[in-house]
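Here's the letter readout for the chains.
Protein chains: 2
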Amino acid sequence: MEKYVLIVAGGEGSRLPSGMPKQFIELNNLPLLMHTFRAFSFLDASIVLVLPENGISLWEELCQKHSFSISHKVVSGGPERFHSVKSGLKQIPDDALVGIHDGVRPMVSRDTIERAFDMAERKGNGVPAIPLRESVRETDHALNRPFDRKQLRIVQTPQVFFSTLIKKAYNCSFDERFTDDATVLEAAGFPINLTEGSEENIKVTLPVDLAIAEYLLSKH
Amino acid sequence: MEKYVLIVAGGEGSRLPSGMPKQFIELNNLPLLMHTFRAFSFLDASIVLVLPENGISLWEELCQKHSFSISHKVVSGGPERFHSVKSGLKQIPDDALVGIHDGVRPMVSRDTIERAFDMAERKGNGVPAIPLRESVRETDHALNRPFDRKQLRIVQTPQVFFSTLIKKAYNCSFDERFTDDATVLEAAGFPINLTEGSEENIKVTLPVDLAIAEYLLSKH
Chain A
103 MEKYVLIVAG GEGSRLPSGM PKQFIELNNL PLLMHTFRAF SFLDASIVLV
153 LPENGISLWE ELCQKHSFSI SHKVVSGGPE RFHSVKSGLK QIPDDALVGI
203 HDGVRPMVSR DTIERAFDMA ERKGNGVPAI PLRESVRETD HALNRPFDRK
253 QLRIVQTPQV FFSTLIKKAY NCSFDERFTD DATVLEAAGF PINLTEGSEE
303 NIKVTLPVDL AIAEYLLSKH
Chain B
103 MEKYVLIVAG GEGSRLPSGM PKQFIELNNL PLLMHTFRAF SFLDASIVLV
153 LPENGISLWE ELCQKHSFSI SHKVVSGGPE RFHSVKSGLK QIPDDALVGI
203 HDGVRPMVSR DTIERAFDMA ERKGNGVPAI PLRESVRETD HALNRPFDRK
253 QLRIVQTPQV FFSTLIKKAY NCSFDERFTD DATVLEAAGF PINLTEGSEE
303 NIKVTLPVDL AIAEYLLSKH
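Chains A and B, in that order, are what the protein sequence lines are. The numbers in the numbering used here rise by one with no breaks, and the one at position 95 of the first sequence is 197. The numbers in the numbering used here rise by one with no breaks, and the one at position 195 of the second sequence is 297.
I should point out that these hints are in silico values taken from the structure, not numbers from a laboratory. Do not rely on the hints blindly, as some may be mistaken.
Repeated chains share a single entry, so a pair holds when one copy, or any two copies, can fit it.
[As the list claims (entries may be wrong)] Straight-line C-alpha distance at most 25 angstroms; calculated DSS-like pairs for lysine-lysine: (1) Lys321 <-> Lys105; (2) Lys192 <-> Lys225; (3) Lys105 <-> Lys192; (4) Lys305 <-> Lys270; (5) Lys270 <-> Lys105.
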C-alpha cells in the first residue's frame, strides 16, 4: 500500500523561552524539524509538512541554508493541532497508509515507525505506546488514591492509519476529547491497536527536552 | 517539630550500564548522592542515609575524597525499597517529622521540600506530585481506551510524615501494592495530602536521566 507521512508542526512553540518556534530550533547544527524528516528517510513514503502560516517563509529559508533535499509538500495549519491535521489530510489520497507524526519528536526510531506501519497495514491502525515509569495517583477533587500504572500506556507518534478511515473520521468538528489522532478515529467507532514505542521518542516541549534530544542525538 | 530526612539509596542501580551503582556516579565532579544531600542543606534536619551493605565502604571513601562534611548517620538497607525504609525508620524518634527521599532525586527544589514539610506539619503527611504531560491510554488485555490524564498525578519525594504514624504503618509485611511510602501509610488507614512537586525533580534511573541531571545542575 502507498505510504504517506504527515509531519505536524503547526504550533507556535510558546513554551520555549527563545523567540524561535521550537520546531525550527537547531540541535547539533540542524533545525529540530530536519532531524524529524531524517528519521523517516529510510521509509519509501511521500511527506506532507504542516506549518503555521507565518512559519512557512522561515522554513523555506532554513531549507536553503541547510541545502535540505528531502522532498516534501508544505501546507499551512490551523489554530489547534486538530485543524492542522485536518488540513494536512486533504493532501493524502484514499486507500493509502498515512503516519501522522509530531514534528517535535525527532528521536523516533526506525523500529517504532515500522511497527506502527506494519500494524496499520494489517489492522487499519497502529499507535505506538510505552509503559509509564513513575508511580501515579488518581485525584478527584479533595480525594486521591493510588492508580495502578501497569494499566497505563503513554501514547506517542507516528500514529498510522488506513487513510480512507482517518480522513472520514476527521470529517467532524473539534471536540475536547481529541487529544491525538487515535481519539478522533475512535470517536468514529474504530478500536485502536497499540504497538511498541520507545523511551527515546520524546516530544520536545520544554527547554530540558532540548538538552535530552541533544544528548540522544549525540549517541546516534 | 523536630525534622529528619531519610535518604534511601539501598538499590544496586542495575539499570545503568557502568559498573558503579547509580547513586555514586559523578555528576559535575560530585557523586549524585552528594548533590541530593546538598538539596537538603538549607533545612534544619538530621539526616539518615540508607545504603546497600556492600556500598557503605565505597561511600566512606567518597566522603573522604570529596571532604564531604554534611553530618549524617548511615544504616544498611534490605532487598526491596520497603525494607530499606523500614530499616532507616528505626533511627527516627516518635513525635517528629520525617521526609523520606529517593537518593537518586538530586534535583529536588527547596520549594518542593518546604511545601511537603509544611503540609505534613499541618495534616500528618505531605506528598509532592506533578501533572502528567503526555496523553495516556488505559489497557485491559486486548482492549484499550483513552484515559483522562487530568485525573492523574505523578508522585515524587520527599514524602513527609508525622514519624509516629509512618513508623507504625511500616510495622507490617511487604505487599506488592507498596509502590512508595504514601501507599504504606494509606494501607494503615490514613488519607494522603498531595503538595506541588516540580518537573525538575526527576528520578535518575536510565543513562538519559544522567544527561538531564547534568544539564539541570549546570543551570543552577
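Now the hints, each set against the structure:
1. Lys321 <-> Lys105: For Lys321 and Lys105, the Cα distance exceeds 25 angstroms both inside one copy (29 angstroms) and across copies (43 angstroms).
2. Lys192 <-> Lys225: Intra 23 angstroms, inter 56 angstroms, cutoff 25 angstroms: intra-copy only.
3. Lys105 <-> Lys192: within (15 angstroms within a copy, 62 angstroms between copies)
4. Lys305 <-> Lys270: neither (27 angstroms within a copy, 43 angstroms between copies)
5. Lys270 <-> Lys105: within (18 angstroms within a copy, 61 angstroms between copies)
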